[in-house]
Amino acid sequence: MSTRLSKGGRLIDRATSLSFSFNGKPMHGFAGDTLASALLGAGQSLLGRSFKYHRPRGLVGSGAEEPNALVSMGRNARFEPDQRTTTTELFAGAELKSQNHWPSLNTDIGEINDKFSKFLPAGFYYKTFMGPRAAWKHLYEPIIRHSAGLGAAPKEADPDRYEQAYTYADVLVVGGGVAGLAAALKHGAAGKRVWLVEQTAHWGGRTPVDGGQIDGLDPQAWVDQTLTRLKAMPNVTLRTRFMAAGLHDHGYVIGYESVGETAPDSGKPRHRLWRMRVGLTITATGAIERPLAFAGNDVPGVMLASAVRDYVVNWAVSPGDRTVIVTNNDDAYRTALALTEAGLTVPAIIDARDSAIGELPELARAKGIRVLEGRGIARALGRKSVTGVQICAQAGEGGAVEDIACDCVAMSGGWSPVVHLWSHCGGKLTWDDSHAMFRPDPDRPPLGDQGQAMVQAVGAANGMLQLQDVMAEANVPAFAEAEAAMSAVWLMPAGAGEALKAKAFLDFQNDVKVSDVQLAAREGFESVEHTKRYTTLGMATDQGKLSNINGLAILSDALGQPIPATGTTTFRPPYTPISLGAVTAEAKGDLFQPLRRTPIQSWHEAHHAHWEPVGQWRRPYTYPRGEETHRDSVNREILNTRENVGLLDASTLGKILVKGPDAGKFLDMLYTNMMSTLKVGKCRYGLMCNENGFLMDDGVVARLSEDSFLVHTTSGGAEHIHGWMEDWLQCEWWDWKVYTANLTEAFAQIAVVGPKARMILERLGGMDVSADAFPFMAWQEGELGGIPVRVFRISFSGELSYEIAAPASRGLELWEVLVDAGSDLGVMPYGTEALHVMRAEKGFIMIGDETDGTVIPQDLNLNWAISKKKADFLGKRAQERSYLANPDRWKLVGLETLDGSVLPDGSHAPLDGFNANGQRLLQGRVTSTYYSPTVKKGIAMALVHRGPDRIGEEIAFQGENGMVACRIVDQVFYDTEGAKQNV
Amino acid sequence: MLILTCPYCGIRAEETELHAGGEAHLKRFGPGASDAEFETYLFARKNPKGVHFERWRHSAGCGKWFLAARCTATLEVFGTYSAQTTQPPKHILDAIKAKRPNWEGLV
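Chain order of the listed sequences is V and X. According to numbering that gives the first Met the number 0, the first sequence is numbered sequentially starting from 0. According to numbering that gives the first Met the number 0, the second sequence is numbered sequentially starting from 0.
Bound-form chain V, shown alone (with noise of 0.2 Å):
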């Protein structure tokens, strides 16, 4: 069993006791402890259940690359699923809990899947797939959802406060071990602006545990005098608890900053997100170690050798009384050598090498470790807690020699590099036999925008396993216990037979076994990324941190071929997970994205507007008076502009200046119809087409000059036509003499609609606004009011109809000074709801509703506004395509129901029969649908097969209880010769 052993400890105080709970358990730990070392110093060495076969887990490892002890922690809104164990730091009050079981921990019925484990192997989800149609939605899935994942979700929201930073640096050194630290010190002593980051809470990474000399200097001494330097340099920026989560494209990195983690109520933000910049990137993330492939390898109680090492040395945590070492290289004596010196016992050594003769095999031998050559472990015995270990042949099939007790096992299969932030942006690997390891070629690293190598790695992330070897790159004279070649060891014993290989674990978290893998290459998976994705292994927050070349190794073996021909799966970021919060940050809520607001906002805030999103505008949908529902007020806005007058704030309308000599030519190219005839002081109604010949905007331009024109598009679409515009008078017509200017925030504009409009702008007085001065489609300028203003005669609603535009700072004058003047003929403001409905009664079209992006103006029986004396527009030749110039199209008309209700929007009229795919035939769909309260009826207009050959037709439609008989109508329901609009 595990426990505190009573001296030692580099990273605890001791004095700082912290109490926290597992599973409602009391228990204590010391200041300086991680969660995984103040659960295991308390004892507790079964963390969860695994993923798949709910089989016991405990600690594997002791930094990022842990991959069984994920709690839940915290309570309430600071729940949080799969809080990995290893890297939380111990907080006083942390609760934690287990995950994936049911009813508990110790007892859990998903441990039944182990049993049926070879029913579940590599892609048995994709199997059952096959299976019977109802088998699958009422045995295979509820089982499947039930047993897997892990951890349960927060229901809460975040409480958490979350922040994001940016910054540049000329060097970033990622790690702060002895690499990183020699790395930083050479850069800032350069001159460089130098950030030196690391993950962990200190510095000084694996070498002051594994020992050695450094400059004449125990390791730790030379840490604690190369931090005095680093921090005595102005142009140097040191942070731990920073983890480099993603390298990007040009040098970008991302980095993720515990910062309030462990204080929960300090005010201080949880997370902080950096967006750096990088010039040189120095990877200095150090090594991980591989676990061996033997049965039983994922009994709580087995571990990685430098984790077992970690927990003594730095935490004083003993993983178990006696620890079994089992190894294919030097570096693993080093445990054995740490757990005699803390008074710990180590009944053997198994070394998989057929000869241990190096200098610290003889050192353990000094000690009177026993030290077994040639040898494997068959199976760790034990299902809760590693209780013994079967000894056998490495090169034979698993035949037992001899039993050991033991209540820890120590593995070590060697070390791999931590290469994922070299690899995110494309920098390449090389294999590297002696070693079995890939390691980063330095002749294919990332490249910046310079074509300059990005990247740089540096110590054991560059391969070199030995601290001598480390600091010689460094020029920094060092010198540790050398160390004899290690043996490449995939599967123990080498000949393993399906029993052993169907327990011989390769991913941890994923579950994913030796057989798994060879299962998947019998069944044809030879790319590593098809069998990653077959088998899962590697997937999750392992991203090849533990499982990855064991897993290659027992693919390329299965398929004959060395493992460089196999090559390793895609390392993507982040690096280890980064919590939402953070991504997030302060992008939500009011600052989710900006709100752009109109001059005349406030007036309708105060007027108890129901708002209605606009991309980035909030525009009054209706204006509810006391209880009226929407409904009711969106009926009492257009009977009182039908019968009086209404207002409406249409600032949000696109307003773009379009001037030079050239500018008649423009507009010609971008509508469809013709722009060049318009007289100075006339409005003209247009549409554009993007370059395939679909309906794209439609507004109304107003001819303010003879060299320019105020274009008006859709309140959404101001920002994207004028891009268009600068796109084509940049990149295509950079000869014209065009210039435009997007002046949608410099005008409010009022819509003043209604038989009474014209009495209101009398009563306001300054212009001559009677039907003979002031004709429909003109527009003038002059005062209203004594306000500035331009006036434009076109309408939207079929009513008479003025839309006043004025500089944005008079705007919520000017509409005050008309509520005033209207007061007695009932004038009201109404919403982009009643906008909608009356515009739908005269059968005008809204882009987005008509229109989908697939849909020609011819369709919308809009030939009227096509020209054909043009030689050319945008979208002229596309509408000449066969496909778009056949008549058999969907075409726009109306629709009445013949029991006068309202159809649902988007509702579909199908056909007899199905296509080639099964779906149901159709022939038309409702585009617009709206109850009118004009008409009495519910109105609605609708794209259908050949719509206008077949007025008078009845079809039906789909409606919310069976289907609806509608009869095919002309597309204006209201004053068809639209007279009140021209009075």
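One thing to keep in mind: the hints can contain errors.
[Claimed, not checked] Cβ-to-Cβ under 8 Å is the rule here; a few derived chain V residues that face chain X: (1) His249; (2) Tyr251; (3) Gly425; (4) Thr429; (5) Asp431; (6) Asp432; (7) Ala870; (8) Arg876.
[To be verified] Derived DSSO-like pairs (lysine-lysine); straight-line CA-CA distance at most 27 Å: (9) Lys26(X) to Lys869(V); (10) Lys48(X) to Lys89(X); (11) Lys26(X) to Lys736(V); (12) Lys868(V) to Lys89(X); (13) Lys45(X) to Lys427(V); (14) Lys63(X) to Lys658(V); (15) Lys427(V) to Lys48(X); (16) Lys664(V) to Lys45(X).
Source of the hints: derived by calculation from the structure; they are not laboratory data. The structure displayed is predicted, hence computed values, not measured ones. Where a beta carbon is used, it is the ideal one built from N, C-alpha and C, also for glycine.
Dock chain X against the given chain V, drawing on the hints supplied.
Below, chain X alone, put in the same frame as chain V:
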């Protein structure tokens, strides 16, 4: 997140300031063009692994469109230049050939 230097305002602009506009040096075909020409203009785009010419707009900066020559495989940027040209200028072609001697040229 690419960095491209805007040739108009001279700023080393970060990708969030820029708007990508697809392949550069397309020839527009309008009325009178054959179906094949028009189809090529609308839909056929190069997707090379290597040297590529692209349109970018400094949309959150000076608002100007410009063109960039870069390597789609290594993300190396050979240069940026005015959008008001139908062919890459000589200094851009020279910069590419200096680093990619085997490049077959813009075809």
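Here is how each hint holds up against the structure:
no. : hint                  : verdict
1   : His249                : 5 Å, holds
2   : Tyr251                : 4 Å, holds
3   : Gly425                : 7 Å, holds
4   : Thr429                : 18 Å, violated
5   : Asp431                : 24 Å, violated
6   : Asp432                : 28 Å, violated
7   : Ala870                : 6 Å, holds
8   : Arg876                : 5 Å, holds
9   : Lys26(X) to Lys869(V) : 21 Å, holds
10  : Lys48(X) to Lys89(X)  : 22 Å, holds
11  : Lys26(X) to Lys736(V) : 21 Å, holds
12  : Lys868(V) to Lys89(X) : 41 Å, violated
13  : Lys45(X) to Lys427(V) : 26 Å, holds
14  : Lys63(X) to Lys658(V) : 18 Å, holds
15  : Lys427(V) to Lys48(X) : 17 Å, holds
16  : Lys664(V) to Lys45(X) : 32 Å, violated
The structure is inconsistent with the numbered hints 4, 5, 6, 12 and 16, although it conforms to all the rest.
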